[in-house]
Structure formats: C-alpha cells, structure tokens
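Listed here are the chains, written in short residue letters.
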Amino acid sequence: MEQKKTGYRFLGKMIKRYWLMIVIIIAMSSFDSFTYTYVPLFIKYIFSVLTNDGSFVNLPEWLKSLFALGGTPLMIVLFAGFGLAIYQLLRAIFKIVMGVYRNYVSEQVSVDLRKELYNHIQNLSYAYHNNVDRGDLIQRCTSDIDVVRNFLSRQMAEMLSVFAILGASVYQMYRINPMLTWVSLIIVPVAFTSSLWYFLYVQKKFAQIEESEAKLMTIIQENLAAVRVVKAFANEKHEIEKFLEQSIDYSERNLALNSTASFFWAFGDFSTIMQYLLTITVAIVIMKNNPGTVHSSDIIAILMLVGSYIWPVRGLGRIIGDVGKTSVAAYRLQEVFDIKDEFVDDGKLLPEIKGNIEFKNVWFKFEDAEEYLLRDFNVKINAGETVAIIGKTGSGKSTLAKILTRLHDYQKGSVLIDGVELKEINKKHVRRNIGLILQDPFLFSKTIYENIAITNKNVERGRVEQVAQLASMDHDIKGFEKGYETVVGERGATLSGGQKQRIAIARMLLDEKPILIFDDSLSALDSETDLMIRTALKRHKTATMLIITHKITSAKQADKIVVIENGAVSQIGTHEELAKVDGLYKKLWDIQGELEAEFLKVVQGGGDAS
Amino acid sequence: MMEDQELYSAEHFDLETWKRILKIIVKDKKSLVLMLLAVIVMTCIDIGYPLLNKYALETFFSETPNFDSVPFFIILYSLIALSMGVSVWAFIRAAAKVEERTTFEIRMQAFKNLQQLSFSYFDNTPTGWVMARMTSDARRLANIISWGLVDFLWGFLLMIGILIISFFINWRLALIMTALLPIFIVIAILYRKKILKEHREVRKINSHITASYNESFMAANTTKTLVLEDDNAQEFNDLAEKYKRRAIRAAFFSSLFWPTILFLGYIGVAIVTYVGGKMVLNDPLGILFTTGTLYLFVDYAIKFFDPVMIVARVLTDLQQAQASAERVISLIETPSDIVDTPEVVEKYGTLFEHKKENWEPIEGAITFDNVSFRYKNTDNNVLTNFNLEIKAGQMVAFVGETGSGKSTIVNLISRFYEPTEGRILIDGKDYRERSISWLHANLGYVLQTPQLFSTTIKENIRYGKLDATDEEVIAAAKLANAHNFILEQENGYDTYIGEGGNKLSTGQKQLISFARAVIANPRILVLDEATSSIDTENEKTILEAMQTVLKGRTSLVVAHRLSTIVNADKIVVLRNGVVVEEGTHRELLNAKGYYFELYRNQFMQELEQKLIQDI
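Which chain is which? The protein sequence lines are P and H, in order.
So in the numbering used here, the last one in the first sequence is 612, and the numbering has no gaps at all.
So in the numbering used here, the last one in the second sequence is 654, and the numbering has no gaps at all.
Calculated from the structure, these hints are not laboratory results.
Take these hints with a grain of salt, some might be off.
Claimed, not checked - Heads up, simulated BS3-like pairs for lysine-lysine below, C-alpha to C-alpha not over 30 Å straight-line:
hint	chain 1	residue 1	chain 2	residue 2
1	H	K386	P	K244
2	H	K281	P	K217
3	P	K117	H	K281
4	H	K232	P	K239
5	H	K68	P	K448
6	H	K281	P	K18
7	H	K415	P	K239
8	H	K386	P	K18
9	H	K281	P	K15
10	P	K217	H	K468
11	H	K394	P	K244
12	P	K207	H	K66
13	H	K283	P	K239
14	H	K243	P	K239
15	H	K283	P	K342
16	H	K232	P	K394
17	P	K239	H	K317
18	H	K542	P	K217
19	P	K117	H	K283
20	P	K484	H	K415
21	P	K15	H	K283
22	P	K66	H	K317
23	P	K244	H	K395
24	H	K68	P	K217
25	P	K239	H	K281
26	H	K243	P	K484
27	H	K317	P	K217
28	H	K395	P	K239
29	P	K217	H	K66
30	H	K504	P	K244
31	P	K327	H	K394
32	P	K244	H	K468
To be verified - Heads up, incomplete: computed chain H residues facing chain P, CB under 7 Å, no partners named:
hint	residue
33	K317
34	M318
35	Y334
36	Y535
The model shown is predicted, which means the values in this text are computed figures rather than measured ones.
Backbone N, C-alpha and C fix where the C-beta goes; we use that ideal spot for every residue, glycine too.
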C-alpha cells in the first residue's frame, strides 16, 4: 500500500511537471476522436443524397451548401466524396502533428528522467555503490522509465480520449436517432467490464509466466556455465529432462493463459456483432411502427459510429489494468530518488592544501555496524612525508583512505588537513587534492591514452607518457599492438590486474596533487615493479604519500611506518626503529628473514610444506 | 548481440531456409491445420456479415419495406455472430498451441544439441549469443509461424474475398479496388522498411545508453576519487540528447505511416462512392445496383486497407524472421566435432541412452601416444608429439605457467577435446574406440571455480550419481569434509543455495563439488586448479578432503598452489607444451631447476600472507 502511495506520489509529481504537455496531448487526441465522428456523417450525407430520403445530416450548413453547388445528385456525391477525402487529409495531417508531438513529449520525459537519474545515482554515497544490485538499477533506468513515460505521453491521453470518442459518438447518434443511441450503448459496459477483468487476470498470470521463463533461462545459463561439469558426469540426459520439465511448465502456463484469451476475444467479437444486430433489430421495430422514420443512411452512420467506440472502450480495460504496473515502476524510480545525494551534506571551504594531515581522536564505524572500527585514532603526518600504513585485513587501514577522501565520514573526533577541519571542506575539492588509488581500479572502455588523460583531456601527449613512465607502465603500453590507442576491454585487449593498477596510478599522477594515497594499489605487482614505482615517485614527487599495504616490503622504505591494531595506532616509527622494538612490526620483519631459512629447511628436511 | 544480428540479416526470402525450419519445428500439424481452417471460416464471416447488412438495408429500410423475413434475418445474424465467436476462439487456441509448440521445439532441440556439442564450440560462442537464440529468435519465429501466418492468411483471404465478391456484383468497382492494391502494398512495404531502419538506429543508441549506465555504476567509486562527475554527466547528456533526436526522427516516420494510408484509403472510398453513386442513380428501380450494394462497397473499401497493411507487415516481419531462422538452424544443426563412431554407438549407446551392459570396467591407466594438439582456428600447436604414461591409481600433477599446456592435457584426457594427431589410450585402448559417456561416467571433475546448480545442497551432491540415496549423499559429504558446514545451514541438506550457489562461500561451494565428485566414485579424477580459489581458512579442510578423495583413483591435478601437490606420485613440469622436468616433489627440489624456483617463490609468498593473517 505504502509502495503504491509512493508510486502515485511520483506520478503526481511528473504530471505536475509536464502538465501543459499532457493537457495538450489529451486535447489533441480528444479532438482527433471528435473529428472522426463526422466521417460517418459524410457517408450518411452521400447516401441520403442518393436515396433522396431528406433526412437531417449534422454537417455544418456551409459545407452542405458547398456540396449542393454540384447541382445534380451525382455531382453532389462527387463533391461530398472528395470533400470526405480532403477532410481525412486534414485529419491525417493533424494526426501526424499529434503523433510527432506525442513522441516528442515521450522522449522529453525520458531524456529528462534519464539524465536526472544518471546524475542522482552518480552522486549517491560510496557505501551505496558498494552494496547496490547494478542489474536492478539498470532496469530502473531503462524499462521503468519507459513504463512511466508511456503512461504520461500515451496512456493518460488514450484513457481520457475514450470518453471523448464516446461522448462525440453519442452526440452524433443522438442527432440521428435518440432511441437507437441508447440501444447502441449496451455494448459499452459489457466491453469495459470484460476487458478490465481480463487484463487484470492477464497481469497476474503474466507474472507467473515470466517467473517460469526466468527459471528456464537459469537452467540454460547454468548449463552453459557448467558445461564441463555436465559432460564430466555424463549427465546430458539428466539436463535435458530437467529442461524438458521446466519447458512443459512454461508451455502449459502460457496455454492456460491463451485459453482464457481465446474466450475473451471470441466473446468480444461475438458481442460486437450482436450489438449490430440489436441496433438493426430495434431500428426495424421502429420502422415497423412508424414507417419512414429510419433511413438506410441512418443505419449506415450508426453502425459506423458503434464500430468506432468499441475498440477504445476495450482498450480502456487494458490501460486501467496497466496502471498497477505503472505505479510499481514509478515507485521503483521514486525509491532511488529518495536516497540521499552525498553532496547534500557538503563542506563549503576551499582551502589551499599543502599536505599536512592530522587525525585527532577519530572514531569511525560503518552505518550498519555496531562496533567502532577506529577507536580514538591519532596520527600526524607532515607535508611531503612518505608514510606506510600497515595492518591486518579488517584493521581499518583502508578506511583511513576513505575518510581522507570523504568517501566515508567519521563520527567523532577531528581530521585536520593543513589545520582545516576535513568535514568543512568541499568534497570535490578534497578529492581533487587528495588522490586515492583504489586496489581494484576501474578503467573506462576508452583508449589507454584517454584513460590516463581522463581528468584533463587537453593535456600534452608528453605528459601522459611521462606519468605512464613514472608508473612503470610506458614500456608495457608500447608493447601493445596499438600502443596508447589500445581500447580497454576490447576483445583481446585484456589487461592484467597489475597493468590496470599501474594505469590507475598514472592517471592519478597526471594532475599534481599534494596528497597521494595508495590503498593496496600495488598489491598485484611483483616486488620489483612495486619498488621501482615507489622509488620513481619519491624522486619526482613532493607530495605527501600514504602507502596502505599488508606487504612489509612495500612499507620498509617509508619515512614513517604506522602500525594499526584494533582500530588504533599501536606503533609509529621508521623501519630501523620499529625493527628493534617488540611488536607487530618486528614480528613481521623477523618472519621475512625466517622464511628463507625455513624454506631451506623444508627443502632439505621433509616434504611437509604446510 | 546486436552486431551478430546484423551479421545474419538476409536480404532475400530464402525458401530453403523456411523448408528446413518448418521441418524442424512444426511437429503439431493438427493444430496448424485447425488454425488455418478457423481463419478461413473467420474470414468468410468477415466478408459475409456486411452482406447481411446490405440485405437489411435493401429489405427493411427501403422505400417499400418488407418485414416478412425479419425472424429469419435475426436467426441468421445470431448464427453469424456465434460462428464468429467460435472461429475466433478456435483460431486463438490453435495459434497459441502452434506458437507454444514452436518455441518449445526450438528450445528443446537447441538445448539437446548444445548437450552434445564439444568444447571448441563453447570456446567460440558467447553465452549471450546462445541465450539470444533461445529467447528473442525463438519467440520471433514462433510468432511468425503462428500469429504471423494467421494475420497473413486473414489479410490475404479478406483481400481476395472482397475482390471476388466485388467482381461478381460489379466488375468496374472491383477493378478500381484492384488498381489500388499494388499502390498500397508498395507504399506499406517501403514505409515499414524505412521505419525498421530508423528504429534499428535508435535501438543501437539505446544500447549505448544502457552500456553507459552500466559503466557509470561500475565506475562509481573511481568517478568519485577522480571527481569525474561533471565530465560523465556531460558525456551522458550528449548521448541522451543524441538518442532523443534520433528517436523523434524515427517517430516522425512512424507517425507518417497510418495517416498517409488513411488518406489514400479514403481517396479510394471517394472514387467508390462516385462510381457507385452513378450506378445507383442510373438504376432508380434498384434492380442491379442498390444503395445497399453501394453500402457494401463503401464498407469493403474502408475495410480494404486494413488487411493490405497487415499483409505488408507480415512480409517485412518475415524478412527479420528469416535471419532468426538462419541463426536457429545454425544452433540446432551445428555438428559436434567430437562424436562416437557408429560402431561405438552401436555397442556402447549414445550420450543420452547408455548401453551400460556393454561397458568394460575401467582401470584408469592413461597413455599419451605422440599426441599433438591445437585449438580450432589457431595456428600453433599447444602440444607437439607429446608422450606420457600414467599408471592406474597414480596421482599425477601438472605444473607450469598459464599457457604451458597443463589444462589442455587434462581436457584431452577428459575427452573435452581430442588429439589433432596421435592417440590417447585408456587401459591400453584408444579412447575413441569406446563411447564418450563410458569415459565420462568414470570421470570425476573438480574445477577452479565450482559450478553448482540453483537447487538444494543435496541435489547438487547427487548430481554426481543421480540415483544415489540420501545416505550415500551424506556419506560423500562426510568424506569431502562438507558434512559439518552443511548441517550448519538453515535447512541442512535441503538448503536452497541460490543461483550459481551464490548463498555459499567459494570454499563451501568447492567442498560440495568435491562431495559431488566423490559420490560418482570415479576411477579417474581431475582436479583443475581446484584449490586456487580457496582462502586460507578453508584450505586445510579442502586439502584434507582432497587426500581422502584421491585415494585409490587415478588422479590428475592441475595445480597453481604447489603446496597441494607435494604428495603426488609424479609431478610433470611443463613449459610451452614441453615437459621440462618430471619426478616426485623431492626429486625435483633436489634437481634445483625450474620447479625449485617456482616452489621457492610461491612458498615465500604464501607463507608471508598466511603469517600476516595469523598474527
């Protein structure tokens, strides 16, 4: 229920926003329906001229006198016939204009929603993106938008223009014969109720059929993914039986639905013809009692008018049946829009950043967690220093990087960047100045060159190659067939994890940033390349560098090593200092030496390696 | 997928394709015939009831009405309404049946063929391609064979019927309508082609937009760290606006279509009224041509362009469906390049019907006799004149870098591929002299990434031996060290594990796949990098499981983690498809060669990582 309300709230908002466009479309399609009801009158006019029955035709007088200029009945018929064709031409032009306008509105709604959604989602928090179901999100951005825009640009107008065509037809029929008009309306409630009932039923069944087909698709997908398993266990027959069973289920559900469909459509056609018969029969009765009051031209026009509203009335059932679907789609869109944009709570300051960092009694926990990950965390880093942060998985060392780039916000304490409280600084400003290289970086499906130059498209080529060299990637890139023009992710151009990391490093080096953070972003590299990059950076950069790692070899050369345990700093110092004092760092370092010895022991001793 | 569809797009109607596809998929001839009959009846009624209206106009509403036949008229009209209902009912049922049956047959036959296709096919065919054949192509074909055929027949018969009746009543008017016919059809087809082309363009941009969304979501965190929000938004805006322009352009052409046809149709109506009117006026006594007749003509003329449009639509749909038909045929008729000879099938049975009574028991000795192999569509051999002897019950490990040929060797042993040259002997006999199923029924297989099915744990284990009892399942799970964690699950063995088993950790999935291999009790067991995706926590459990599982079988282990293979009877070290070293772990270490270096590096790395976790 709540869901429906939210859905309608969104639809209401949309209607309010596009109200003028919607009103125009409704007006146009109502007008179009209304003009159609004159078509049977032209025909009636022709017949009344031919039979000379003298009956009244509800066409404008000027038009009738125009036709009368023909003089002879034949010429009048000719004039009226071509008058009808011209009338239809005008209607055709109007229909084209209406069609184009309706599509324009539809596309406008769609492009607006797409852009808004794109921007909104891109501004949602880091935490949101880490947990989101991307497939579902894409569905919302594509098919849910389609459902909503269809409703706004088409279905609403169709729904309301049904009343227009009904009203106009009744009016025209009434001008011909009131009695016949009432009789001819009997079909309306019948067609409407049956179609509403049917389309609601279909919707329910459809959900089940889709579910059944999804199961079938899962079987195919799993079969293809596990083709080795299927073959290795010689279970081909079993797979076919499984598939057969689900296929039959799907087929039977579909056939059951179609069986109902056949009754619905059969009843529809049957009742339509019966309506014609009823109208004719009543006309006969009237004719019998009051000879000469019903003309053949009347019957012809009324039958055509009846035919014009039966279909829209039946369609009304379908549209109303679809409203449920629309409200679900609208709900799904509103749900995304209701999630808070991370830039809503943003700092305003844009201070110059030199690279001094200070954590003062910082406490941090994840939103859904109960325990704090960082407890009273304190550390001071001076501009230009290279600092290694080492600790176990889950010790909170990566969180430091996310806090510094304001991807996560701390709950208590304060973080100062050159003495300015981090939360007061504009998020984008922070990120422009503090470069964070993620462990699993994403490369865009563009060329390697464009990927490196992504923050500054107009940068000189030399600069791009320079940063690639700094990241030890230039050589690799030149080894590719297309060099810097290699498109990432294209067939055959898959990059290894280490290559991706290095491109990500190069990309971050493009702009001079006062602070660089490597969040395990050297993890996929061998120790040699790792060292090469770190030395190169040290030589060329004056930036403050934070190297977050679990590899002691990566930490060793740092100016300062920070060891994190249980959410707080347990040790700080240089390698030389820490290697001497008891603690986690010494333990780790000692192990390194022991490893070599142990290996030799294993080789010489026994086969036990574990 | 889009590009693939373009690739097959056939320009001309090819009868041969349709003959083949009809032979493949039309199994339910009865429904097809019923469907066509019902459509014929329906069309007759569509043509017929205006005749009744004509009769009514002439008899009851003329200047000298005659009401004698009213009861007869009402009865006849009701009967027409009733038979209309019945024929609509019958044709929808029959067409739905044909449609369902067609989808069913396409999927079933494609699926069946997929089961017997060899690995080389799956190497070159993306899953998405296969899925598209089973979904959109299957649907499109089923649709054209059922509803498309119905529409075409209805439209065609109505057209012909109207013309024939018109000729009988008045040939001159009929001629006018006939003259309009080709004009309509040509316009309709040209329009539809243009519209289809426009829409294809629109769809192409649309798929870019979807891709752009996808990329944006995947890159969300990178975007934040690089502050690319505005650039991305700009790029997306450009794309969305481009889409809008293209879509409105396409909509313009679509909007043109119906109004144009409507107008042309009414020109026809105008001509008919004029010519017909003239006849009415020339025949004041209403002997040959009455107003009723004229009404009939006007009614027919208004109705006439509907079937013409439908026929034109089906004709253009047919062209698209032909591309679908070609793709479906290619999926259903692709032959497997690994098949049993007729003699072997005769004795051992097919993939689907095993003749187990003739199967020899298998010992598990494997010999590579001068085997050369290269993957399809490649130029270089992965293996050249490769020889290897594996005794029954031995554990042999294959070590080497990616691309060294170690996985190829186990794939060849599993007969997922066959040697390009040379022979592989099992128990001294070329394995091609026995059936694929014979080998596979005696083969156990554990992969690097465990592939499970979206059913219960129990059913997943049972997959190794379909007729296993619950007790056997539990026994296998115990052997594979999986029993304990299974009992911890919500519903124990009956826990539903989600699509691809995504409710379990990789380690847990791997334990289940071990249990699945154990329950099959195979003579030959292949572990293809089975331990490399396991975290350290589960490693011990898995290594223990491995020891039990391997006992007493010929086992072939492709290992990335060398610590798992120290107990192997033989370690084969490969480099570029050539055996560079061979021996036990100890022998190889003493040799201080390539294996020694590999092992040293890995040992150090593994230990370091483990230590930092343990501290």
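Now the hints, each set against the structure:
Proposed proximity of K386(H) and K244(P) is supported: the alpha carbons are some 27 Å apart, at most 30 Å. A hinted pair counts as satisfied when its Cα atoms are at most 30 Å apart, and K281(H) with K217(P) does not qualify at roughly 37 Å. This hinted pair checks out: K117(P) and K281(H) have alpha carbons roughly 13 Å apart, not beyond 30 Å. With a C-alpha separation of about 44 Å, the suggested pairing of K232(H) with K239(P) is violated against the 30 Å cut-off.
Between K68(H) and K448(P) the alpha-carbon distance is near 53 Å, which puts this suggested pair outside the 30 Å criterion. For the suggested pair K281(H) and K18(P), the alpha carbons sit about 26 Å apart, so the restraint of at most 30 Å is met. With a CA separation close to 27 Å, the supplied pair K415(H) and K239(P) stays within the 30 Å bound. Taking the CA atoms of K386(H) and K18(P), the gap is near 76 Å; set against the 30 Å cutoff, the hint is violated.
Between K281(H) and K15(P) the alpha-carbon distance is near 26 Å, which keeps this suggested pair within the 30 Å criterion. A hinted pair counts as satisfied when its Cα atoms are at most 30 Å apart, and K217(P) with K468(H) does not qualify at roughly 42 Å. This hinted pair checks out: K394(H) and K244(P) have alpha carbons roughly 21 Å apart, not beyond 30 Å. Taking the CA atoms of K207(P) and K66(H), the gap is about 27 Å. The hint holds against a cut of 30 Å.
The suggested pairing of K283(H) with K239(P) is violated, with an alpha-carbon distance near 49 Å, which exceeds 30 Å. Restraint check for K243(H) and K239(P): the C-alpha separation of about 39 Å exceeds 30 Å, so the hint is violated. Our distance criterion of 30 Å between C-alpha atoms is met by K283(H) and K342(P), whose separation comes to about 28 Å. For a cut-off of 30 Å, the pair hint linking K232(H) to K394(P) is broken: about 64 Å separates their Cα positions.
Distance hint between K239(P) and K317(H) is unfulfilled; the C-alpha atoms sit about 74 Å from each other, more than 30 Å. For the suggested pair K542(H) and K217(P), the alpha carbons sit about 17 Å apart, so the restraint of at most 30 Å is met. Our distance criterion of 30 Å between C-alpha atoms is met by K117(P) and K283(H), whose separation comes to about 12 Å. With a C-alpha separation of about 26 Å, the suggested pairing of K484(P) with K415(H) holds against the 30 Å cut-off.
Distance restraint check for K15(P) and K283(H): the Cα-Cα separation of roughly 22 Å lies within the 30 Å cut-off, and the hinted pair is therefore satisfied. For the hint pairing K66(P) with K317(H), the CA-to-CA distance comes to about 20 Å; that is within 30 Å, so the pair holds. Straight-line distance between C-alpha atoms of K244(P) and K395(H) comes to about 22 Å, which keeps the hinted pair within the 30 Å bound. Note on K68(H) and K217(P): the hinted pairing holds, with a Cα-Cα distance of about 29 Å set against a maximum of 30 Å.
Taken as a hint, the K239(P) and K281(H) pair is broken in the structure, with Cα atoms around 50 Å apart against an allowance of 30 Å. Note on K243(H) and K484(P): the hinted pairing holds, with a Cα-Cα distance of about 26 Å set against a maximum of 30 Å. At most 30 Å may separate the alpha-carbon atoms for a hinted pair to count; K317(H) and K217(P) exceed this at roughly 65 Å. Taken as a hint, the K395(H) and K239(P) pair is honoured in the structure, with Cα atoms around 14 Å apart against an allowance of 30 Å.
At roughly 25 Å between alpha-carbon atoms, K217(P) and K66(H) fall within 30 Å of each other, so this suggested pair holds. Note on K504(H) and K244(P): the hinted pairing holds, with a Cα-Cα distance of about 15 Å set against a maximum of 30 Å. Between the alpha carbons of K327(P) and K394(H) the distance comes to roughly 53 Å, so the proposed pair goes past 30 Å and is violated. Restraint check: the Cα-Cα separation between K244(P) and K468(H) comes to about 34 Å, which exceeds 30 Å; the hinted pair is violated.
Of the supplied interface hints, the one on K317(H) holds, with its beta-carbon coming within about 6 Å of a beta-carbon of chain P, less than 7 Å. Violation of the interface hint for M318(H) is found here, the shortest Cβ-Cβ separation to chain P being roughly 10 Å, above the 7 Å cut-off. Because the beta carbon of Y334(H) sits about 6 Å from the nearest beta carbon in chain P, less than 7 Å, this interface hint is met. The beta carbon of Y535(H) is not positioned within 7 Å of any beta carbon in chain P (closest approach about 13 Å), and the interface hint is therefore violated.
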